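Here are the chains, one letter per residue:
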Amino acid sequence: MSAQALARAPSCAQPLTLRAEGLGKTYGAITVLSDISLDIRAGEVHAIIGENGAGKSTLMKLLSGHVRPTTGRLFMEEEAVAFDDAVDAESAGVVLVHQEILLAPDLTVAQNLFLGRELTRGFMIDDKAMDRRTNAVLARVGSVARASDRVGDLALAQRQLVQIARAILEDRKIIILDEPTAVLANDEVTALLEIVRNLREQGVGILYISHRLNEVQALADRITVLRDGRMVGTWPASELSQRRMAELMVGRELSMLYPEKRPVVTGEPILSVTNLVVEDGATQGSFTLRAGEVLGIGGMIGSGRTELLEGLFGLRPSHADSVLVNGCDITHRSVRTLMAAGLVYLTEDRKGKGLLVDAPLAPNLTLQALDGVNPGIVLNRRREVAELEQAVANFDIRVRSLTLDAGKLSGGNQQKLLLAKVMMSDPSIVIIDEPTRGIDIGNKSQIYGFIDAMVRAGKACLIISSEMPELVGLSDRVLVMREGRFVAELTGTEINEENVAYAATTGRHAQAGGTA
Amino acid sequence: MTISAVGTTAPVRRSRIRWADLAPFIALALIILVGTLINTNFASQANLLNVITRSAFVAIIAIGATFVIASGGLDLSVGSMMAFVTGIMIMAMNGLAPAYGAWAIVMGAGVALVVGALCGLFNGLIITIGRIEPFIVTLGTMGIFRAFITFMTDGGSLPLDRSLREAYRPVYFGSFLGVPYPVLITFVVILLGAFVLYKTKYGRRVVSVGSNAEVARFSGVDVGTVRTLTYVIQGLCVAVAAICYVPRLGAATPTTGQLWELQVITAVVIGGTLLRGGKGRIWGTVAGALILEIIANVMVLSDMVSEYLVAAVQGAIIIIAMLAHRLTSSR
Chain A
1 MSAQALARAP SCAQPLTLRA EGLGKTYGAI TVLSDISLDI RAGEVHAIIG
51 ENGAGKSTLM KLLSGHVRPT TGRLFMEEEA VAFDDAVDAE SAGVVLVHQE
101 ILLAPDLTVA QNLFLGRELT RGFMIDDKAM DRRTNAVLAR VGSVARASDR
151 VGDLALAQRQ LVQIARAILE DRKIIILDEP TAVLANDEVT ALLEIVRNLR
201 EQGVGILYIS HRLNEVQALA DRITVLRDGR MVGTWPASEL SQRRMAELMV
251 GRELSMLYPE KRPVVTGEPI LSVTNLVVED GATQGSFTLR AGEVLGIGGM
301 IGSGRTELLE GLFGLRPSHA DSVLVNGCDI THRSVRTLMA AGLVYLTEDR
351 KGKGLLVDAP LAPNLTLQAL DGVNPGIVLN RRREVAELEQ AVANFDIRVR
401 SLTLDAGKLS GGNQQKLLLA KVMMSDPSIV IIDEPTRGID IGNKSQIYGF
451 IDAMVRAGKA CLIISSEMPE LVGLSDRVLV MREGRFVAEL TGTEINEENV
501 AYAATTGRHA QAGGTA
Chain B
1 MTISAVGTTA PVRRSRIRWA DLAPFIALAL IILVGTLINT NFASQANLLN
51 VITRSAFVAI IAIGATFVIA SGGLDLSVGS MMAFVTGIMI MAMNGLAPAY
101 GAWAIVMGAG VALVVGALCG LFNGLIITIG RIEPFIVTLG TMGIFRAFIT
151 FMTDGGSLPL DRSLREAYRP VYFGSFLGVP YPVLITFVVI LLGAFVLYKT
201 KYGRRVVSVG SNAEVARFSG VDVGTVRTLT YVIQGLCVAV AAICYVPRLG
251 AATPTTGQLW ELQVITAVVI GGTLLRGGKG RIWGTVAGAL ILEIIANVMV
301 LSDMVSEYLV AAVQGAIIII AMLAHRLTSS R
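Heads up: the protein sequence lines correspond to chains A and B, in order.
For the first sequence, the residue numbers in the UniProt record's numbering are 1 to 516.
For the second sequence, the residue numbers in the UniProt record's numbering are 1 to 331.
No wet-lab data here; the hints were simulated from the structure.
Just so it is clear, the structure is predicted and the values come from calculations on it, not from any experiment.
Some hints could be false.
Listed below are the simulated EDC-like cross-link pairs for lysine to aspartate or glutamate, each with C-alpha atoms no more than 16 Å apart in a straight line [claimed, not checked]: (1) B:K199 - A:D452; (2) A:K351 - B:E214; (3) A:K261 - A:D85; (4) A:K351 - A:D426; (5) A:K61 - A:E118; (6) A:K61 - A:E77; (7) A:K261 - A:D452; (8) B:K199 - A:D371; (9) A:K173 - A:E77.
Taking the hints into account, I'd like the entire structure generated from these sequences.
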């Protein structure tokens with residue numbers, strides 16, 4: 001199938017830049033990737049799609065010299081090459097832009113860009129020249145950051161652009177972008193896609209990995225699908241619909257990704273927050289939540305959604321006119337009083353704020369509900385193991401061994417563990433920030449199912465999501481935030497991607513006087 | 001999907017953890033073996049008991065330090081605090097002796113525990129409420145406590161009242177069923193420490209705060225209280241060490257406990273506790289304290305190396321231990 005697809009591919013006239021032939025990687029007895037043959041040509045965007053664990057990351061690392069292949073060969077301009085390491089690959093013109101931000105937060109943008117390759121004049125570091133070139137390359141990627149800005153002060157999206165700027169500082173022939181938009185909101189994604197197109201115009205060959213199939217469709221010239229460490233095939237982008245891509249990735253027909261919408265609930269709100277002000281008014285808002293509904297909070301990244309909810313939980317300085325849970329006043333609250341009142345918050349930052357990546361699964365699972373699992377002061381190990389076995393079964397957490405560290409799990413399984421952790425105390429109100437960031441379709445679908453089930457069981461759920469289809473697919477009601485204020489409430493048929501985007505960017509309700 | 005790949009790494013990793021956990025005990029066994037080969041006197045019961053008894057102070061303080069370090073903190077003030085607590089305790093005992101006789105010892109010991117706990121609380125509160133690096137805070141209190149003991153002794157010696165010496169003497173020199181009291185006391189502290197760190201919710205929270213304070217905070221753990229309490233535990237351990245120490249010399253001086261903080265941190269780190277927090281090893285810490293004292297003893301007995309170089313060897317050990325740890329964990 002792949003050979004046929006390749007033969008159909010257009011743009012054969014373009015010069016080949018990087019070609020892989022029969023690339024494979026085994027660790028011990030485990031084959032993670034086998035027989036991958038593809039090429040990346042100058043001036044094209046070649047997208048790689050596949051579920052988590054399909055071998056995308058390994059492929060990236062093989063192509064960029066981070067890992068050496070067990071089998072197969074690489075060619076640049078039809079000459080066989082073997083990269084010793086990432087530096088070697090970079091000097092040959094292939095650079096990988098990592099999905100995770102790998103920048104030193106305390107250094108300036110310029111210092112980060114030139115880290116390890118500082119420009120000098122004699123013995124002295126030539127800051128002026130570096131600042132100049134940094135500003136030039138920042139302009140090229142459309143970043144508003146400046147050379148002298150401290151990277152730690154930049155928003156996530158800007159840091160991502162700095163990473164890309166770092167990659168194109170020298171003239172690269174091939175750039176590998178590993179899920180560059182995973183942490184970006186919609187308008188930032190649009191800007192990034194434009195930057196990638198510009199780079200393509202400039203003759204750069206781009207290998208583009210993304211979970212977001214709409215981006216792939218908007219951007220790619222050709223698409224290669226991986227599944228279970230093997231190549232399904234390469235197709236011209238024009239021949240694949242998003243649905244077809246997803247089906248090729250999963251290897252089966254997609255059942256409905258989102259659960260059916262639940263009947264509209266009425267009645268008294270279980271949670272009502274009045275004029276919650278976070279961090280001196282940078283973010284504020286009032287909202288209510290009813291049992292049996294999913295309230296979605298939309299808006300761009302950086303619009304203040306996470307800050308508002310972290311403020312509600314006392315994780316940031318905040319004050320409110322009133323916070324009522326089931327009619328009980330808990331205006332003066334802390335994380336602990338909220339948890340006691342039946343509220344839990346599942347953070348968007350899985351590794352930084354959610355899980356102890358160096359600790360085994362059981363301590364992670366029970367950390368939040370430690371008092372519930374262990375009524376006395378002494379730990380009840382047997383109960384912990386039983387709870388873990390229960391959670392692994394209930395949330396379909398896939399692990400070979402229960403004694404693994406949480407950091408060893410795949411992203412999807414980490415997210416399920418985190419969900420199991422916050423559900424340990426049997427909360428009545430569950431707030432989930434980015435329920436499925438960076439996890440594959442199979443796990444996403446399962447997590448949607450868990451959310452649907454808990455809401456049908458009478459719990460209330462609030463989700464923050466930057467993925468429009470998710471927000472629209474899950475929510476019974478949507479509040480849109482812009483610059484730290486709620487600007488629109490969408491209900492029923494008003495909930496669609498256009499209306500959310502319109503409110504998030506203009507700050508106005510799409511249909512003035514709509515039902516609310 | 002990724003299940004198979006994850007599954008295969010599990011057994012490898014588990015055996016590596018065990019190996020790294022055993023390292024301090026293997027090192028301890030090796031050093032004892034070397035000591036036995038070098039000098040036949042080393043393995044004598046009298047010598048071994050003497051060494052173990054001498055290591056008791058560092059071991060007891062290091063158990064407290066295991067809590068502090070496992071929670072991601074550091075306490076440099078323990079040596080000075082030990083001297084300060086010793087001084088206060090002797091003054092209290094001397095003051096109470098005329099009225100209460102030998103009971104002054106018990107009351108003085110109580111004063112020591114309270115003062116130790118308060119010193120630790122002071123460190124802990126400045127660190128958590130003041131949000132200042134533990135390194136800086138305890139560097140400051142290290143100087144403060146040291147100056148206090150120098151002031152209290154007027155630069156000389158603060159002796160325990162003669163009337164109390166005879167009654168207090170057995171706490172260091174006495175023994176029960178052949179086991180010296182300091183060793184028994186150390187054993188009790190070890191068991192208590194291991195129980196609290198491994199078996200209680202508080203211990204779990206200590207480790208989680210050290211592993212990732214943000215995760216702990218988001219999980220509803222009161223990070224400030226957990227951290228502050230580790231310093232209180234540290235202060236109590238310092239006080240227990242002081243109670244065992246006083247009968248040995250019968251006086252406090254400006255050099256009491258000097259540089260003990262280095263030995264304590266060395267013992268904790270070579271025992272396998274991570275300096276960045278997130279893992280605490282009580283028994284490893286005890287092995288670490290024994291290693292330090294036995295090496296000093298072997299050097300004194302062997303005549304091959306000057307005993308003035310003991311500190312150099314102990315310093316080298318912490319570096320070697322860290323290198324060994326790096327090699328076993330990066331493989």
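Hint by hint, here is what the structure shows:
{"no.": "1", "hint": "B:K199 - A:D452", "in the structure": "37 Å, violated"}
{"no.": "2", "hint": "A:K351 - B:E214", "in the structure": "10 Å, holds"}
{"no.": "3", "hint": "A:K261 - A:D85", "in the structure": "50 Å, violated"}
{"no.": "4", "hint": "A:K351 - A:D426", "in the structure": "23 Å, violated"}
{"no.": "5", "hint": "A:K61 - A:E118", "in the structure": "25 Å, violated"}
{"no.": "6", "hint": "A:K61 - A:E77", "in the structure": "20 Å, violated"}
{"no.": "7", "hint": "A:K261 - A:D452", "in the structure": "9 Å, holds"}
{"no.": "8", "hint": "B:K199 - A:D371", "in the structure": "14 Å, holds"}
{"no.": "9", "hint": "A:K173 - A:E77", "in the structure": "11 Å, holds"}
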